[in-house]
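In order, the protein sequences belong to chains A and B. With UniProt numbering applied, the first sequence covers 1 to 470. With UniProt numbering applied, the second sequence covers 1 to 470.
Derived from the structure by calculation, the hints contain no laboratory data. Since the structure is predicted, the reported quantities are computational estimates derived from the model, not experimental observations. It is possible that part of the hints are untrue.
Here chain B is said to cover these stretches of chain A; the calculated rule only asks that three of the stretch's residues, wherever they fall, bring their Cβ under 8 Å from a Cβ of chain B [claimed, not checked]:
id, stretch
1, 89-103
2, 111-124
3, 237-245
4, 347-354
5, 366-380
6, 398-408
Even for Gly, the Cβ is constructed at its ideal location relative to N, Cα and C.
2 protein chains.
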Amino acid sequence: MERNPHAERLAEIIGAANVLTSPEDKAPFLTEWRDLYQGVTPMVLRPGSTEDVSAVMKYASQNDLKIVPQGGNTGLVGGQIPLETGDEIVLSLGRMNKVRAVDPDGFTITVESGVILETLQNEAEKVDRLFPLALGSQGSCQIGGNISSNAGGTAVLAYGNTRDLVLGLEVVMPNGDVWNGLRTLRKDNTGYDLKQLFIGAEGTLGIITAASLKLFPKPKKLEAAFVGLADPQAALKLFSTAKAQAGPVLTGFEIMPRVGVEFCLSHLDGARDPLEAPHEWYVLMELSSGSEAFPVRDLLESILGEAFEGGLVEDAAFAQSMQQVQDFWHIRHGMSEVQKAEGGSIKHDVSVPVASIPAFLEEAIAAVTDFVPNCRPVPFGHLGDGNIHFNVSQPVGADKEAYLEKWDAMNEIVHGIVANFNGSISAEHGIGRLKRDLLKGVKSELELDLMQRIKDAFDPKGLVNPGRVL
Amino acid sequence: MERNPHAERLAEIIGAANVLTSPEDKAPFLTEWRDLYQGVTPMVLRPGSTEDVSAVMKYASQNDLKIVPQGGNTGLVGGQIPLETGDEIVLSLGRMNKVRAVDPDGFTITVESGVILETLQNEAEKVDRLFPLALGSQGSCQIGGNISSNAGGTAVLAYGNTRDLVLGLEVVMPNGDVWNGLRTLRKDNTGYDLKQLFIGAEGTLGIITAASLKLFPKPKKLEAAFVGLADPQAALKLFSTAKAQAGPVLTGFEIMPRVGVEFCLSHLDGARDPLEAPHEWYVLMELSSGSEAFPVRDLLESILGEAFEGGLVEDAAFAQSMQQVQDFWHIRHGMSEVQKAEGGSIKHDVSVPVASIPAFLEEAIAAVTDFVPNCRPVPFGHLGDGNIHFNVSQPVGADKEAYLEKWDAMNEIVHGIVANFNGSISAEHGIGRLKRDLLKGVKSELELDLMQRIKDAFDPKGLVNPGRVL
Chain A
1 MERNPHAERL
11 AEIIGAANVL
21 TSPEDKAPFL
31 TEWRDLYQGV
41 TPMVLRPGST
51 EDVSAVMKYA
61 SQNDLKIVPQ
71 GGNTGLVGGQ
81 IPLETGDEIV
91 LSLGRMNKVR
101 AVDPDGFTIT
111 VESGVILETL
121 QNEAEKVDRL
131 FPLALGSQGS
141 CQIGGNISSN
151 AGGTAVLAYG
161 NTRDLVLGLE
171 VVMPNGDVWN
181 GLRTLRKDNT
191 GYDLKQLFIG
201 AEGTLGIITA
211 ASLKLFPKPK
221 KLEAAFVGLA
231 DPQAALKLFS
241 TAKAQAGPVL
251 TGFEIMPRVG
261 VEFCLSHLDG
271 ARDPLEAPHE
281 WYVLMELSSG
291 SEAFPVRDLL
301 ESILGEAFEG
311 GLVEDAAFAQ
321 SMQQVQDFWH
331 IRHGMSEVQK
341 AEGGSIKHDV
351 SVPVASIPAF
361 LEEAIAAVTD
371 FVPNCRPVPF
381 GHLGDGNIHF
391 NVSQPVGADK
401 EAYLEKWDAM
411 NEIVHGIVAN
421 FNGSISAEHG
431 IGRLKRDLLK
441 GVKSELELDL
451 MQRIKDAFDP
461 KGLVNPGRVL
Chain B
1 MERNPHAERL
11 AEIIGAANVL
21 TSPEDKAPFL
31 TEWRDLYQGV
41 TPMVLRPGST
51 EDVSAVMKYA
61 SQNDLKIVPQ
71 GGNTGLVGGQ
81 IPLETGDEIV
91 LSLGRMNKVR
101 AVDPDGFTIT
111 VESGVILETL
121 QNEAEKVDRL
131 FPLALGSQGS
141 CQIGGNISSN
151 AGGTAVLAYG
161 NTRDLVLGLE
171 VVMPNGDVWN
181 GLRTLRKDNT
191 GYDLKQLFIG
201 AEGTLGIITA
211 ASLKLFPKPK
221 KLEAAFVGLA
231 DPQAALKLFS
241 TAKAQAGPVL
251 TGFEIMPRVG
261 VEFCLSHLDG
271 ARDPLEAPHE
281 WYVLMELSSG
291 SEAFPVRDLL
301 ESILGEAFEG
311 GLVEDAAFAQ
321 SMQQVQDFWH
331 IRHGMSEVQK
341 AEGGSIKHDV
351 SVPVASIPAF
361 LEEAIAAVTD
371 FVPNCRPVPF
381 GHLGDGNIHF
391 NVSQPVGADK
401 EAYLEKWDAM
411 NEIVHGIVAN
421 FNGSISAEHG
431 IGRLKRDLLK
441 GVKSELELDL
451 MQRIKDAFDP
461 KGLVNPGRVL
């Protein structure tokens with residue numbers, strides 16, 4: 001195999017062991033778990049320090065080499081996989097995995113970008129604190145990737161998106177310059193807040209090498225209920241009431257349709273119906289508090305008792321143990337996976353204003369049912385964040401391939417409705433390569449132009465993660 | 001008086017009544033309440049709609065006219081006052097004062113930028129919601145200015161800075177283009193988060209004309225205590241304990257030195273010492289909850305009882321009524337004003353990491369006392385945000401003018417210490433004209449360069465609020 005000349009120079013910079021060029025070494029960095037993309041790259045670089053990253057980027061910039069930064073390789077839109085053209089170099093941040101500082105009194109932690117999310121959660125727990133970001137992929141995703149994609153997850157309702165958790169960043173610019181923006185300040189009004197640009201930029205403006213993050217009190221009490229109700233309008237009213245009464249103690253509010261629960265009962269190990277009779281819609285509601293003094297269970301019962309009397313809620317099961325809390329969440333977390341057993345599923349990760357969820361669901365369900373008669377919409381997700389995973393299972397007995405061919409056309413229908421509600425076609429997962437072409441349809445020319453101006457100002461040669469987002 | 005030719009053209013665009021050119025009409029827009037700046041302008045424009053602002057900016061851009069946007073004219077760093085050169089036109093947003101939408105179920109409100117903060121608070125209250133931003137100037141400051149300066153205030157501990165309250169913006173770009181980023185989404189990962197750039201940019205990147213903002217449950221219960229303790233280290237430990245136990249229910253944590261309380265007792269109407277014996281330092285601690293169910297008083301007593309037993313706290317007075325809560329805050333809010341009665345006061349609005357507050361105070365107090373023997377440091381403020389108003393009163397009987405001549409030199413000493421703690425020389429008030437030259441001393445060349453690149457990308461002709469921030 002021909003040795004790439006740049007590989008030799010880069011081996012001098014970060015050590016030969018950290019420049020992977022053999023197919024077997026490179027393989028884990030070139031596919032992602034949905035198998036949507038198969039990348040090709042001359043080499044994978046594994047820098048171990050900010051200085052390494054800086055030296056690599058300086059070399060890349062001088063030699064016009066395209067760089068694709070990669071964290072835990074769990075992204076869902078292909079942003080982290082090099083193009084099939086084979087001229088993009090993967091920069092894997094996994095060796096940059098040091099915890100630089102933990103400050104429990106100041107409620108902050110500073111880590112390098114290759115730290116795995118679960119490790120970060122554990123580091124916080126060691127000092128009786130919470131790092132609230134929680135995702136399905138937390139055992140392998142890295143915080144640098146979470147920040148670059150502004151990850152959402154299940155704790156957004158009370159703690160916000162990843163953006164809300166970041167106090168400061170260290171970033172290596174496309175030309176190798178190092179910006180030390182690693183601040184742990186809660187207040188700093190000295191000019192433009194540059195870190196905001198790198199958060200959610202999917203690696204297109206620079207390479208995040210470290211971050212200072214917020215910590216929170218560790219929840220001491222947690223209660224959950226599985227609620228049956230007639231329609232999304234009732235769920236919205238329940239949400240509004242619950243949030244008004246519980247405020248930040250309301251840490252989960254997830255909506256699910258009956259059909260999704262039925263899929264779980266049929267295909268998910270250990271799933272059983274928490275309620276005796278079936279209901280058209282369900283809400284999984286969770287309250288938790290860092291204070292032992294808070295009567296969390298009383299509040300949950302009082303909110304739901306009132307809602308029941310007001311006719312908002314048809315029935316509710318209260319978790320009697322942590323095991324039962326987990327059983328409730330098991331159904332919610334299984335809802336995506338079980339759709340596989342029912343044939344093809346066309347997916348959308350969308351958000352609309354919270355109060356528009358009932359109207360959006362009504363319109364979108366009608367539209368897709370009109371488009372594919374007898375299709376089975378399974379819209380579920382974070383009602384409290386306005387974020388619905390609007391998935392649509394094929395009609396019973398239909399041809400899977402033929403159904404999945406309607407993917408783009410159905411996306412267009414649903415995204416059109418989302419646009420009418422001033423919503424987002426990518427609430428959590430970002431743009432990457434998957435949704436790049438869709439962006440032109442949903443953003444104004446001016447907004448795309450402003451984004452491009454920023455890209456040009458920070459990465460004039462267009463060498464970091466080219467073709468992603470923009 | 002000679003009529004400015006641009007005034008006639010602009011009068012055709014937004015109406016003659018909205019182009020102020022007489023000295024008496026212009027006067028209120030040309031001074032600010034600290035009397036630090038006296039501006040000169042050919043005219044003050046008062047557009048009434050986004051279309052008006054767009055047309056004005058287009059005209060200004062085509063004719064190379066410099067524009068200084070102004071809200072309620074309450075800024076503390078001179079950003080909103082036109083230069084003495086007399087060639088900057090004031091664009092006052094006060095007529096853009098419509099509430100466009102209120103959504104209590106979705107916990108959002110959309111308003112034009114000229115809406116006065118207190119009006120916004122009242123609109124939220126009408127639907128049993130809270131808009132938490134609270135400032136001394138809330139009766140006259142406008143939300144557009146709050147956003148442009150990323151205002152802080154007394155509710156930051158639980159609700160964040162203004163930045164954290166913004167969901168979407170409408171902005172007129174320097175060339176007149178209108179960016180409609182008025183979204184009320186909680187989650188939206190479709191490209192760069194442009195609104196973040198305009199927040200805190202002090203009007204240097206475009207004109208904010210409207211904003212979608214977060215609302216919160218209205219607090220139903222509120223308790224406060226006035227606590228005496230030995231030193232800032234004890235205050236920090238109390239903060240850490242209180243936050244760990246109360247989490248978001250801890251809505252206020254302010255530190256004050258004995259000398260500041262004594263100034264209040266001497267000069268502030270209605271102030272009386274809440275505690276029997278004097279203490280070196282004080283903390284005003286407030287807990288509040290949107291939930292009637294939360295035992296706020298019990299928690300406050302339990303936290304302070306434990307701290308007392310642990311020797312952290314010397315004494316504490318619990319407010320027995322809302323009047324007493326207000327009496328406690330009266331002392332805190334009076335602390336800036338009473339310094340006038342004690343002669344000259346040299347001021348700093350700084351922040352450091354929360355856990356560094358004790359060490360910062362020790363060093364800074366020693367340094368200024370070394371610089372001016374017998375000076376009287378009165379550092380007070382938002383300990384929970386790491387934000388200290390480090391004010392230093394003159395020695396008793398010293399010459400006020402001679403003391404105030406040391407302003408810049410003392411600033412340099414204090415800001416140097418702030419820099420060693422990786423802190424900020426403007427925690428709340430921004431840069432404007434007042435601190436523009438200081439910025440070069442505290443930001444890296446790269447950071448200033450990145451800021452300039454953004455400015456050039458958004459305002460290539462440098463016509464909006466030139467010479468502010470950068």
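Each hint, compared with the structure:
1. Taking a C-beta to C-beta cut-off of 8 Å, the stretch 89-103 of chain A contributes 1 residues in contact with chain B, too few for the three needed, and the coverage statement is violated.
2. Three residues within the 8 Å Cβ limit are the bar, and the stretch 111-124 of chain A against chain B gives 0, so the coverage statement is violated.
3. For the stretch 237-245 of chain A, the proposed coverage by chain B is satisfied: 6 residues have a C-beta within less than 8 Å of a C-beta in that chain, meeting the threshold of three.
4. Against chain B, the stretch 347-354 of chain A contributes 4 residues with a C-beta closer than 8 Å to a partner C-beta. That satisfies the three-residue criterion, and the hint holds.
5. Residues of the stretch 366-380 of chain A lying with their CB closer than 8 Å to a CB of chain B number 0, which falls below the three-residue condition for coverage.
6. Counting residues of the stretch 398-408 of chain A whose C-beta lies closer than 8 Å to any C-beta of chain B gives 0; at least three are required, and the coverage claim is violated.
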